[in-house]
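J.: Residue numbers (my numbering), protein chains in the order written: chain A, 37 to 145; chain B, 37 to 145; chain C, 37 to 145.
Read the hints as simulated data drawn from the structure, not as lab findings. Any given hint might turn out to be false.
Given that identical chains are not distinguished, each listed pair holds provided it fits within a single copy or across any two copies.
Said to hold, decoys possible - Within a straight-line C-alpha distance of at most 20 Å, the following computed SDA-like cross-link-like pairs (lysine to any residue) qualify:
(1) 65 with 105
(2) 83 with 67
(3) 49 with 65
(4) 65 with 46
(5) 49 with 39
(6) 49 with 64
(7) 55 with 76
(8) 49 with 138
(9) 97 with 115
(10) 83 with 125
Small disclaimer: the values here were computed from a predicted structure and weren't measured.
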Amino acid sequence: MYRVIVQVKDLDKAPQSIKSVINLYNDLKDVQIEVVFHQSAIRSLVKDSPLENSIMDLINKGIVVVGCMNSINSLNIDSNSLISGIKIVQSGVGEVVRKQSEGWIYLSL
Amino acid sequence: MYRVIVQVKDLDKAPQSIKSVINLYNDLKDVQIEVVFHQSAIRSLVKDSPLENSIMDLINKGIVVVGCMNSINSLNIDSNSLISGIKIVQSGVGEVVRKQSEGWIYLSL
Amino acid sequence: MYRVIVQVKDLDKAPQSIKSVINLYNDLKDVQIEVVFHQSAIRSLVKDSPLENSIMDLINKGIVVVGCMNSINSLNIDSNSLISGIKIVQSGVGEVVRKQSEGWIYLSL
Chain A
37 MYRVIVQVKD LDKAPQSIKS VINLYNDLKD VQIEVVFHQS AIRSLVKDSP LENSIMDLIN
97 KGIVVVGCMN SINSLNIDSN SLISGIKIVQ SGVGEVVRKQ SEGWIYLSL
Chain B
37 MYRVIVQVKD LDKAPQSIKS VINLYNDLKD VQIEVVFHQS AIRSLVKDSP LENSIMDLIN
97 KGIVVVGCMN SINSLNIDSN SLISGIKIVQ SGVGEVVRKQ SEGWIYLSL
Chain C
37 MYRVIVQVKD LDKAPQSIKS VINLYNDLKD VQIEVVFHQS AIRSLVKDSP LENSIMDLIN
97 KGIVVVGCMN SINSLNIDSN SLISGIKIVQ SGVGEVVRKQ SEGWIYLSL
């Protein structure tokens, strides 16, 4: 089974990045995927964002969606405004490095 | 010998990305390189694109140039309009993950 | 201890990328970090650039800051105008690949 840690940092590219994650999921089949949203892309995880349905689609497929607390604080986002079902980590880049150190394959989108 | 799987996703950065691939090729010398074009960058692989000569230069150096079928379909590109000598895969991101799982080093450009 | 090779290529994203590197440094603690600046981001390493203080902050933390000679030449930057304390390599992408081949974890920012 593949384990893939995906990094999404740019809000303007987030819709295309999510599409690529779905393509990855459909292509690899036997795969565990975690997607880390940080920098401006953290806004994708706010309730009522235009991406809310796409994010829910990821979660419903069993893909782990991660938000970076440093980015949440930096952009003054209220944690209560985040889509539920998201995993929060202190540092998105730290998460990307830790997962790789555990053998996960890295994909930057 | 190094084996490097390169990912190019943005059309506006494709010229600079190709230049970096050539720099990598010249620097590492004993290297096997595969470059996956997906998302908007897939348009780099269309015949008569401004990048056709650069793509042919990669192929002539023995660098494998890969196009993503999901991106081709998504942008309604006619497969017959693609530069010949290109390897087509169903999913560009799937290819990037598979190569890494086989020990290739990853570079995102 | 983690060893992380970071790649920064876009000048317009360099301030945010440096912030992410600092977050990574603070999060992982026991970590060795090398940050390669290439393509347009090489301009971050010029003296009196708006990023000079941020770059000095990285160096003062023991983070290795690397500049790509191919990018320096390509943008006609005078080597004497670079911030002192920087490590210069012929090819930034070559450095990223070599470090990974030595077991360093890759992060694209």
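J.: Can you give the numbers of the hints that this structure goes against, from lowest to highest?
T.: 2, 3, 4, 5, 6, 8, 9
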